[in-house]
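Engineer: Listed below, chain by chain, are the residues.
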Amino acid sequence: DAKTTQPPSMDCAEGRAANLPCNHSTISGNEYVYWYRQIHSQGPQYIIHGLKNNETNEMASLIITEDRKSSTLILPHATLRDTAVYYCIRFPGGYNKLIFGAGTRLAVHP
Amino acid sequence: DTGVSQDPRHKITKRGQNVTFRCDPISEHNRLYWYRQTLGQGPEFLTYFQNEAQLEKSRLLSDRFSAERPKGSFSTLEIQRTEQGDSAMYLCASSLVGGRSGNQPQHFGDGTRLSIL
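Top line first, the protein sequences correspond to chains A and B. Residue numbering for the first sequence follows the numbering used here, starting at 375 and increasing by one per position. Residue numbering for the second sequence follows the numbering used here, starting at 36 and increasing by one per position.
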């Protein structure tokens, strides 16, 4: 049971921001929100994670709502190379296995 | 680049044969994980090691599967008497857990794609 809900697919124009939503309404206080992506024929790539506060790194920004029931991954200027399946995962601190759902298939088009 | 390395990238074998895959984790990482991914699905956890100790095995890991990490560095995953249903991508990941850095994210290799004829 992945326990997160993501839209199955999204489209984005190249150069525009891609905003990928994730619902995790039953998240526990000690569970982080992790985002990975998987480009065709490659292994999953770590993007970003957060607990309560919004986070930003060189790849993306993560916005977590105040009640922590949902989050949004933002790719500020999507490129064709961002076409991938994006996974939102709940991950308790100190836990071990990642539980992947079906993810969101993001298609970036020219 | 000293990321997670997996070998081979592709393996084609006949049903009933044994196969072995190797994973070399990021050098300072103390945890190593194996996942399996079938077409159109997200990866599924198989097992993980803390240094050389295998600490958890999924129900997906039948008796035909065995994993080792003998010196706490590289790991091997062996499948005996392969079946059609074993066709999948086998992914390895590693992470650094504990210490001053806290729990770091898992980083994945590009997997070994197994095809059973």
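What the hints contain is simulated information worked out from the structure, not anything from laboratory work. Any given hint could be a false lead.
Stated by the list, open to error - Label pairs and their in silico Cβ distance ranges:
1) B:Lys92 / A:Gln419: 47 to 57 Å
2) B:Ser93 / A:Asn397: 21 to 31 Å
3) A:Leu425 / B:Gln115: 34 to 44 Å
4) B:Pro105 / A:Asn393: 38 to 48 Å
Said to hold, decoys possible - Simulated pairs of lysine-lysine, PhoX-like, Cα-Cα distance not exceeding 25 Å:
5) A:Lys471 / A:Lys443
6) B:Lys49 / B:Lys106
7) A:Lys426 / A:Lys471
8) A:Lys377 / A:Lys443
9) A:Lys471 / B:Lys49
10) A:Lys471 / A:Lys377
11) A:Lys471 / B:Lys106
12) B:Lys106 / A:Lys377
13) B:Lys106 / B:Lys92
Stated by the list, open to error - Covered stretches of chain B (chain A as the covering partner; in silico rule of three or more C-beta atoms under 8 Å from a C-beta of chain A):
14) 52 to 65
15) 138 to 152
Fair warning: this is a prediction, and the values are worked out from it, not measured in the lab. Quick reminder that beta carbons are idealized off the backbone N, C-alpha and C, glycines included.
Engineer: Run every hint past the structure and note whether it holds.
Structural biologist: Evaluation of the provided hints:
1. B:Lys92 / A:Gln419: 47 to 57 Å: Given range 47 to 57 Å: violated, Cβ gap about 26 Å.
2. B:Ser93 / A:Asn397: 21 to 31 Å: 26 Å, holds
3. A:Leu425 / B:Gln115: 34 to 44 Å: Once the Cβ atoms are compared, 42 Å apart, the range 34 to 44 Å for glutamine 115 (chain B) and leucine 425 (chain A) holds.
4. B:Pro105 / A:Asn393: 38 to 48 Å: 46 Å, holds
5. A:Lys471 / A:Lys443: 21 Å, holds
6. B:Lys49 / B:Lys106: Not OK: lysine 49 (chain B) and lysine 106 (chain B) at ~31 Å, beyond 25 Å, violated.
7. A:Lys426 / A:Lys471: 21 Å, holds
8. A:Lys377 / A:Lys443: Distance ~11 Å between lysine 377 (chain A) and lysine 443 (chain A) Cα, so the pair holds.
9. A:Lys471 / B:Lys49: This hinted pair is violated, its Cα atoms lying about 31 Å apart.
10. A:Lys471 / A:Lys377: 14 Å, holds
11. A:Lys471 / B:Lys106: 22 Å, holds
12. B:Lys106 / A:Lys377: 36 Å, violated
13. B:Lys106 / B:Lys92: 19 Å, holds
14. 52 to 65: Coverage by chain A is violated for the stretch 52 to 65 of chain B (0 residues, Cβ < 8 Å).
15. 138 to 152: Holds: 8 residues of the stretch 138 to 152 of chain B have a Cβ under 8 Å from chain A.
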